[in-house]
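Please arrange chain P on chain D, whose structure you already have, making use of the hints.
There are 2 protein chains.
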Amino acid sequence: MSTDLLNRRLRLASRPHGEPAPTDFVHDEVPVPSPGPGQVLLRTLHLSLDPYVRGRMSAAKSYAAPMELGDVIVGGTVSEVVESTVEDLSPGDVVLGYGGWQEYSVEDAAGLRRLDPAVAPVSTALGVLGMPGFTAYAGLLAIGRPAPGETVAVAAATGPVGSAVAQIAQLRGARAIGIAGGERKVAHLRELGVDAALDHRAPDLPGRLADAAPDGIDVYFENVGGAVWDAVLPQLNEFARVPVCGLAASYNATALPEGPDRSGQLMGAVLTRSLTLRGFIQREFVPTMFEDFLRDMGGWVASGQVRYTEDVTEGLDRAPEAFVGMLRGDNLGKTLVRVA
Amino acid sequence: MSTDLLNRRLRLASRPHGEPAPTDFVHDEVPVPSPGPGQVLLRTLHLSLDPYVRGRMSAAKSYAAPMELGDVIVGGTVSEVVESTVEDLSPGDVVLGYGGWQEYSVEDAAGLRRLDPAVAPVSTALGVLGMPGFTAYAGLLAIGRPAPGETVAVAAATGPVGSAVAQIAQLRGARAIGIAGGERKVAHLRELGVDAALDHRAPDLPGRLADAAPDGIDVYFENVGGAVWDAVLPQLNEFARVPVCGLAASYNATALPEGPDRSGQLMGAVLTRSLTLRGFIQREFVPTMFEDFLRDMGGWVASGQVRYTEDVTEGLDRAPEAFVGMLRGDNLGKTLVRVA
Numbered sequence: 001m002s003t004d005l006l007n008r009r010l011r012l013a014s015r016p017h018g019e020p021a022p023t024d025f026v027h028d029e030v031p032v033p034s035p036g037p038g039q040v041l042l043r044t045l046h047l048s049l050d051p052y053v054r055g056r057m058s059a060a061k062s063y064a065a066p067m068e069l070g071d072v073i074v075g076g077t078v079s080e081v082v083e084s085t086v087e088d089l090s091p092g093d094v095v096l097g098y099g100g101w102q103e104y105s106v107e108d109a110a111g112l113r114r115l116d117p118a119v120a121p122v123s124t125a126l127g128v129l130g131m132p133g134f135t136a137y138a139g140l141l142a143i144g145r146p147a148p149g150e151t152v153a154v155a156a157a158t159g160p161v162g163s164a165v166a167q168i169a170q171l172r173g174a175r176a177i178g179i180a181g182g183e184r185k186v187a188h189l190r191e192l193g194v195d196a197a198l199d200h201r202a203p204d205l206p207g208r209l210a211d212a213a214p215d216g217i218d219v220y221f222e223n224v225g226g227a228v229w230d231a232v233l234p235q236l237n238e239f240a241r242v243p244v245c246g247l248a249a250s251y252n253a254t255a256l257p258e259g260p261d262r263s264g265q266l267m268g269a270v271l272t273r274s275l276t277l278r279g280f281i282q283r284e285f286v287p288t289m290f291e292d293f294l295r296d297m298g299g300w301v302a303s304g305q306v307r308y309t310e311d312v313t314e315g316l317d318r319a320p321e322a323f324v325g326m327l328r329g330d331n332l333g334k335t336l337v338r339v340a
Numbered sequence: 001m002s003t004d005l006l007n008r009r010l011r012l013a014s015r016p017h018g019e020p021a022p023t024d025f026v027h028d029e030v031p032v033p034s035p036g037p038g039q040v041l042l043r044t045l046h047l048s049l050d051p052y053v054r055g056r057m058s059a060a061k062s063y064a065a066p067m068e069l070g071d072v073i074v075g076g077t078v079s080e081v082v083e084s085t086v087e088d089l090s091p092g093d094v095v096l097g098y099g100g101w102q103e104y105s106v107e108d109a110a111g112l113r114r115l116d117p118a119v120a121p122v123s124t125a126l127g128v129l130g131m132p133g134f135t136a137y138a139g140l141l142a143i144g145r146p147a148p149g150e151t152v153a154v155a156a157a158t159g160p161v162g163s164a165v166a167q168i169a170q171l172r173g174a175r176a177i178g179i180a181g182g183e184r185k186v187a188h189l190r191e192l193g194v195d196a197a198l199d200h201r202a203p204d205l206p207g208r209l210a211d212a213a214p215d216g217i218d219v220y221f222e223n224v225g226g227a228v229w230d231a232v233l234p235q236l237n238e239f240a241r242v243p244v245c246g247l248a249a250s251y252n253a254t255a256l257p258e259g260p261d262r263s264g265q266l267m268g269a270v271l272t273r274s275l276t277l278r279g280f281i282q283r284e285f286v287p288t289m290f291e292d293f294l295r296d297m298g299g300w301v302a303s304g305q306v307r308y309t310e311d312v313t314e315g316l317d318r319a320p321e322a323f324v325g326m327l328r329g330d331n332l333g334k335t336l337v338r339v340a
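Those protein sequences? They're chains D and P, same order as listed. Note that the first sequence covers residues 1 to 340 in the UniProt record's numbering. Note that the second sequence covers residues 1 to 340 in the UniProt record's numbering.
Calculated from the structure, these hints are not laboratory results. Here the structure is a predicted model, which means the values were calculated and not measured. Among the hints, erroneous ones may be present.
Restraint-style ranges between C-beta atoms, simulated for each label pair [stated by the list, open to error]:
#1 D:23 - P:60: 47 to 55 Å
#2 P:210 - D:38: 36 to 44 Å
#3 D:283 - P:227: 44 to 52 Å
#4 D:216 - P:15: 55 to 63 Å
#5 P:202 - D:193: 53 to 61 Å
#6 P:204 - D:116: 52 to 60 Å
#7 D:147 - P:60: 49 to 57 Å
#8 D:187 - P:211: 25 to 33 Å
A few chain P residues that don't get close to chain D, going by computed Cβ distances all over 10 Å [as the list claims (entries may be wrong)]:
#9 45
#10 173
#11 196
#12 296
#13 314
Here a beta-carbon is modelled for each residue, glycine too, at the ideal position from N, C-alpha and C.
So that you can see chain D by itself, here it is in the shape it has in the complex (with noise of 0.2 Å):
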């Protein structure tokens, strides 16, 4: 059964070679389908873009399985109800769901969350008060564990994880050094009050890093991988701890880099100073923190103890460019299309 609306997609047209192109998506338009029972019926109205999404492009086994050559492009998004087959949502309401790149997605009931557009704007739910400001939060409090006085540095610093890392670290009395690439975000980093703030692409980022942590670092949230994990690894204290929750330097490399071969030096590091590193995916904490943190951090951006920033781009259709800026890190906050 098929509605009368037309629903637009972006599907995986082949798997990217390095850097996603163009012709990696191809669009159509198909008849909406009607909801299922126990299903929804959902219009996008903002779509979120995500560095992970690159990772389920391709088909090496990662965290997640790969997407299919095809498929709609996942990600999260956050729609208003069209027609519902539950009692608990009706037309109108507004839920945080995984539609995807589309206009319209059909998807299970039990699976979405319902958004108040009192608490926050509903955008938010993409972001700060979402997976990536949660990933901030469970990262730093349940591996980082930042002690009062204690440094803690964080690259992609103005994106919507490095971010409310600084900020919540601040707000654990802790010193925080943000790391972005470019004036823009230098000023930006500035403006949002970090100790520290160091742009990784002027010359030198090893000396200049050193002198921002002259007591060394104790916690380095690394989401970027690369010259910035190169800079800050000397500088890592005994029992330093390292969340790792992406390595976005290196999610369009399609060789290893050429040698020496440093993996021996770096498990050195890592005995010779007691280091924690520590891989981790947002959802493994979501069944022990969720609900504090939506405490916490809503109450923290309610009162402006976390500010946010968003990158909005207007209609589906300009989706890929947004997302290949985004993994150029071409944007500054949470990088959202507006699709309805």
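Below, chain P alone, put in the same frame as chain D:
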């Protein structure tokens, strides 16, 4: 002030380049000094040879300060009290200390632990009931945390740390895979009753390890690095824990290995499988776990639930060759030198 005794010592003559050479050590004989207030004069009975000493022979900063040229080579010792200035230690008492590679030492009484020969052979205070045994106990239980039914892998599994790891893992209800080099060691592992014993010198370690761990590996106790680690990494399950207490395979390395650079790939594995890599030195856990260790391990050794082997070389002069042999992996069990 000195006594009439002569003290034969082995000192650091030069920093080894790669594997230590006989010329890196120099013998001498000096008068034995008298103990000052709060000190005791000790005669060395057993000297412990440990891989970490190779690190202290180098100038590079590690978790312990490097030795200086001319220093007596460091090492744990079990010694007999010859002369005491303190009330609670008398001639004939046997103590655990840190006398190093020499026949006599003068040490602060406060740093010594008196041993009861009725509980266990005193040499075990350097092995299964000492630092190596505690390294296994603390690293496995505080960081590895094997659950019943999980799979624990350990390399250098006939060494004093590895064999304790495998046996404690089994006492906790986990499957233990022991990896060691050569037929003799594998036979010893079978005798110990590990669930699988693998020779890392035989062909296709990765394939045999995958066969031995059909459900993957949940805990890898890392004390070797190198090719064994390369074989283990692909088998690690999501949320696997890797206590890192040594990288013996690279202690004699003089340059980084050739490329490609796999350090980013390692971080990628940490990320996508939510791995924990955690370096540690046993002393971190002494305040919180050492009493439990003496109670638990003392009981297990007394009951025969944990077995141990000692590899004893006679005479201080042969310590350098025994040390080099241990770094090559020639030893079976705890490497000791009987000095007196």
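ask   = Is the gap between the beta carbons of residue 283 of chain D and residue 227 of chain P within 44 to 52 Å?
value = Given a distance of about 34 Å, which is not inside 44 to 52 Å, the answer is violated.
Non-interface claim for residue 196 of chain P versus chain D (Cβ beyond 10 Å) = Holds, because the least Cβ-Cβ distance between residue 196 of chain P and chain D comes to about 24 Å, which exceeds 10 Å.
key: residue 202 of chain P paired with residue 193 of chain D, Cβ distance criterion 53 to 61 Å   = Holds, at about 59 Å.
query = So does residue 147 of chain D sit 49 to 57 Å from residue 60 of chain P, Cβ to Cβ?
reply = violated, 29 Å
query = Taking the closest pair, is the beta carbon of residue 314 of chain P still more than 10 Å from chain D?
reply = holds, 32 Å
ask   = In this structure, is the beta-carbon distance linking residue 204 of chain P and residue 116 of chain D contained in 52 to 60 Å?
value = holds, 59 Å
Range hint compliance [Cβ, residue 187 of chain D to residue 211 of chain P, 25 to 33 Å] = Given about 57 Å between the Cβ atoms, the range is violated.
ask   = Does the claim that residue 45 of chain P lies outside the interface with chain D hold up, using a Cβ gap greater than 10 Å?
value = Given that every Cβ of chain D is farther than 10 Å from that of residue 45 of chain P, nearest at about 31 Å, it holds.
key: Least C-beta distance from residue 296 of chain P to chain D larger than 10 Å   = Non-interface label stands for residue 296 of chain P: nearest chain D Cβ at 23 Å, farther than 10 Å.
message = Taking the Cβ atom of residue 210 of chain P and the Cβ atom of residue 38 of chain D, is their distance within the range 36 to 44 Å?
response = Hint holds: Cβ distance 42 Å, inside 36 to 44 Å.
task = Take the C-beta atom of residue 23 of chain D and the C-beta atom of residue 60 of chain P, compute their distance, and say whether it sits inside 47 to 55 Å.
result = At 51 Å between Cβs, range holds.
inquiry  = Over 10 Å from every CB of chain D: does residue 173 of chain P meet that, or does the non-interface label fail?
reply    = holds, 24 Å
Violated hints, listed in ascending order, are 3, 4, 7, 8; each of the other numbered hints is respected by the structure.
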